[in-house]
Amino acid sequence: MRTLLFVIQKEFLQIFRNRSMLPILFVMPVVQLLVLSSAATFDVRNTDFSLVDEDRSVASRQLVERFEASGYFTVAQRADQAREADDAMQRGDVGMILHIPAGFERDLRRVGSAPLQITMNAVDGSTAGVAQAYALQIVEAYNRDIQVDYLPAVATPAPARIEIVSSHWYNPELDYKMYMVPGILVVLVTMIGTFLSAMNVVREKEIGTIEQLNVTPIRKGHFIAGKLLPFWIIAMVDLGIGLLVAHLVFGVHILGNLALVFALAGLYLFGMLGLGLWISTFTDTQQQAMFIAWFIIVIGILMSGLFTPIESMPAWAQKLTLLNPVAYFIQIMRQVLLKGAGVADVQPQIAFLTVFASVMMALAVRQYRKIAA
Amino acid sequence: MKTFAGFIVKEFYHILRDRRTLLILFGMPVAQLLLFGFAIRNEVNDARLVIVDPSNDVETREIAGKLLASPYFVGVEFATHAGGVEAAFKSGRAREALLFEPDFAGRLAREGVAHVQIITDATDPNTANTVLAYTTAILQDYQRELAAGATPAGARIVPEVHMRYNPTLESVFLFVPGLIAFILMLVCALMTSITITREKEMGTMEILTVSPLRPAQIIVGKVLPYLVIAQGIVGIVLALARFVFHVPMRGSLAFLIAECLLFTVCALSLGILISTRTNSQQTAMMISLGGLLLPTIILSGFIFPIASMPTPLQVVSHIVPAKWFLIIVRGIMVKGTGIADVWQETLVLVGMTALFLGISIRNLKGRLE
Chain L
1 MRTLLFVIQK EFLQIFRNRS MLPILFVMPV VQLLVLSSAA TFDVRNTDFS LVDEDRSVAS
61 RQLVERFEAS GYFTVAQRAD QAREADDAMQ RGDVGMILHI PAGFERDLRR VGSAPLQITM
121 NAVDGSTAGV AQAYALQIVE AYNRDIQVDY LPAVATPAPA RIEIVSSHWY NPELDYKMYM
181 VPGILVVLVT MIGTFLSAMN VVREKEIGTI EQLNVTPIRK GHFIAGKLLP FWIIAMVDLG
241 IGLLVAHLVF GVHILGNLAL VFALAGLYLF GMLGLGLWIS TFTDTQQQAM FIAWFIIVIG
301 ILMSGLFTPI ESMPAWAQKL TLLNPVAYFI QIMRQVLLKG AGVADVQPQI AFLTVFASVM
361 MALAVRQYRK IAA
Chain H
1 MKTFAGFIVK EFYHILRDRR TLLILFGMPV AQLLLFGFAI RNEVNDARLV IVDPSNDVET
61 REIAGKLLAS PYFVGVEFAT HAGGVEAAFK SGRAREALLF EPDFAGRLAR EGVAHVQIIT
121 DATDPNTANT VLAYTTAILQ DYQRELAAGA TPAGARIVPE VHMRYNPTLE SVFLFVPGLI
181 AFILMLVCAL MTSITITREK EMGTMEILTV SPLRPAQIIV GKVLPYLVIA QGIVGIVLAL
241 ARFVFHVPMR GSLAFLIAEC LLFTVCALSL GILISTRTNS QQTAMMISLG GLLLPTIILS
301 GFIFPIASMP TPLQVVSHIV PAKWFLIIVR GIMVKGTGIA DVWQETLVLV GMTALFLGIS
361 IRNLKGRLE
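So the sequence lines, in the order shown, correspond to chains L and H. Quick note on this note's numbering: the first sequence kicks off at 1 and runs consecutively. Quick note on this note's numbering: the second sequence kicks off at 1 and runs consecutively.
If you are wondering where the hints come from, they were derived from the structure by calculation, not from laboratory data. Wrong hints could be hidden among the right ones.
Unchecked claim - Here are the computed lysine-lysine pairs in the PhoX-like style, where the Cα-Cα straight-line distance is at most 25 Å:
| # | chain 1 | residue 1 | chain 2 | residue 2 |
| --- | --- | --- | --- | --- |
| 1 | H | K200 | H | K365 |
| 2 | L | K205 | H | K10 |
| 3 | H | K10 | H | K365 |
| 4 | L | K10 | H | K365 |
| 5 | H | K200 | H | K10 |
| 6 | L | K205 | H | K200 |
| 7 | L | K220 | L | K10 |
To be verified - Stretches of chain L that chain H covers, calculated by requiring three or more beta carbons in the stretch to come under 8 Å of a beta carbon on chain H:
| # | stretch |
| --- | --- |
| 8 | 34-43 |
| 9 | 192-200 |
| 10 | 331-337 |
Glycine included, each C-beta is placed from N, C-alpha and C at the ideal position.
Turn these sequences into a full structure, and let the hints steer you where they fit.
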């Protein structure tokens with residue numbers, strides 16, 4: 001037991017002796033959490049558009065006013081010719097072109113139907129889709145109102161209708177930060193823990209101090225525990241700070257049991273640190289270890305449902321995510337923190353993380369024996 | 001000059017000797033682009049739906065059938081009372097619940113109004129909003145069928161929508177250029193971020209210090225071999241984008257390659273800058289990995305549109321090199337833009353590169369004197 005304490009003390013000393021490590025481990029994650037959480041949003045708030053109004057009539061002006069009053073659109077350019085608007089879109093200045101052809105109002109009054117051209121910059125297809133839906137809603141609302149102006153109301157019997165009542169649970173204001181903060185926090189904690197452990201043993205190998213450690217009377221179990229516990233503690237402290245920031249700064253309501261969150265985080269981190277240690281034992285240089293850790297972590301993040309939903313992925317990719325520990329832990333964080341889920345609700349995730357942590361530890365210990373022999 | 005040439009040859013040997021690292025350097029970007037290029041989508045499909053139907057009549061079955069026949073929903077649970085809805089949300093089994101009122105068809109026939117309640121799991125606001133919009137649209141369609149012929153035609157504007165550059169709304173057009181920017185940025189910065197630090201840690205920096213090489217020469221010598229590797233990676237990822245993912249190439253390929261060269265130099269210089277500022281490989285890697293990974297994903301416009309961010313963060317995004325490169329790549333590939341439209345973005349990248357290199361050289365000078 002005393003040897004273990006000495007190994008842990010040595011590791012802590014080694015980490016904190018390096019003055020620049022302290023801010024990297026504790027300040028950098030918090031700054032990233034603060035800055036990035038608000039940036040990660042798919043809200044389509046405002047689309048700048050280019051207006052080509054060839055009609056210049058009351059009707060066209062009214063329609064444009066509706067667009068501006070909606071809060072979703074701002075006129076960024078009033079073009080005299082369609083050509084100018086096209087150039088603006090090509091440069092990337094505007095996301096939409098609203099082209100009102102000449103004779104718009106006349107057609108509307110006399111023919112009863114007038115064309116309107118809406119061109120979206122669809123490089124980002126999903127944003128374009130949402131903005132387009134807003135635009136059509138505005139046109140549709142205007143259509144309804146001009147019925148009253150242009151035509152006398154015709155009394156028709158109301159057709160049977162279905163009334164829809166909708167409610168958004170857990171996040172009624174659809175605030176993106178509630179969703180992103182727990183996920184980004186998971187990534188930050190994962191990175192700190194995994195990168196530190198992945199570079200640890202390989203560093204001793206590269207510098208040559210591994211030989212010295214191998215000839216000391218430290219037992220393998222003590223050695224590995226001594227290597228991992230400091231990183232585990234650092235990552236757990238980061239998680240605690242992050243949750244505090246989430247609650248105080250972003251107002252994330254913590255509905256579930258915090259003890260459950262920390263217990264499962266501990267389990268998850270043992271798995272990820274084991275993974276890091278395993279990488280560390282089979283690589284030759286810190287550079288290799290870093291690239292492999294980076295490779296695995298990026299796959300873990302992008303295949304976790306953090307940024308894009310897992311259901312959107314093709315079927316084979318959805319199956320792959322079943323092997324992704326990051327995905328499970330993000331699900332746990334979101335469900336426990338935001339929905340108040342309990343142990344019973346996250347059983348499959350707990351089962352997977354338990355298996356994952358055991359397998360990783362076993363792999364790391366086995367591989368380490370090899371290099372020690 | 002001969003010393004300089006010799007130094008460059010030595011650096012090349014250093015890298016070529018380590019076959020395993022080389023394999024990793026080329027293999028990883030390819031594997032990531034292939035995996036993510038196919039897997040990352042943000043259309044909402046197959047949202048898991050719980051249907052609570054105490055009424056169970058022809059109308060409700062027809063509506064449920066319509067929802068489930070669409071590509072947007074898969075049914076996971078059919079119940080006659082609302083008791084299980086909360087559990088389905090908590091365990092993450094469901095994204096949306098659709099609750100019909102009892103005696104739905106009867107009310108629709110007798111009173112002309114029947115009620116449907118839609119509950120979404122709004123922990124993910126984007127999906128919640130989208131599935132609600134899909135459900136509403138399907139219900140309204142059904143209603144229109146019920147009321148067919150009853151609405152009179154009046155004066156109306158007929159909007160005609162064009163989706164320019166990407167008429168079929170492929171997410172590949174958005175994400176593959178994003179992945180190229182992300183992969184090049186990280187791989188390049190990681191490669192060089194430890195080069196000088198390693199010399200410091202191993203003690204060989206002193207040898208370089210007493211050699212007749214000038215700081216600028218040391219940096220160029222360190223960057224050059226990696227620049228060659230980076231161009232190899234650029235070639236591979238562009239070929240994959242074109243031939244595997246069928247991202248169009250509407251602009252000039254030569255111009256795109258030139259911009260990629262500029263961007264890789266920029267990312268390599270950032271790595272060198274980190275390298276000159278840190279004293280251990282561990283610190284260097286924690287900065288380049290931990291400090292660049294998330295900002296490059298989130299603030300570059302790779303996944304989240306920059307226009308959606310709060311204004312202060314849009315300003316912060318200016319310091320992310322990948323943001324500028326991404327505007328350029330998407331422009332050239334998908335929109336067919338030329339230098340006339342992206343010269344400003346190009347200048348920003350040139351400026352950043354000069355800044356990174358300038359500071360690196362100054363840092364090294366400080367060490368030498």
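Each hint tested on the structure:
no., hint, result
1, K200/H / K365/H, "holds, 14 Å"
2, K205/L / K10/H, "holds, 24 Å"
3, K10/H / K365/H, "holds, 22 Å"
4, K10/L / K365/H, "violated, 35 Å"
5, K200/H / K10/H, "holds, 17 Å"
6, K205/L / K200/H, "holds, 17 Å"
7, K220/L / K10/L, "holds, 16 Å"
8, 34-43, "holds (count 8)"
9, 192-200, "holds (count 4)"
10, 331-337, "holds (count 3)"
Hint 4 alone, counting from the list given before, is not met by this structure.
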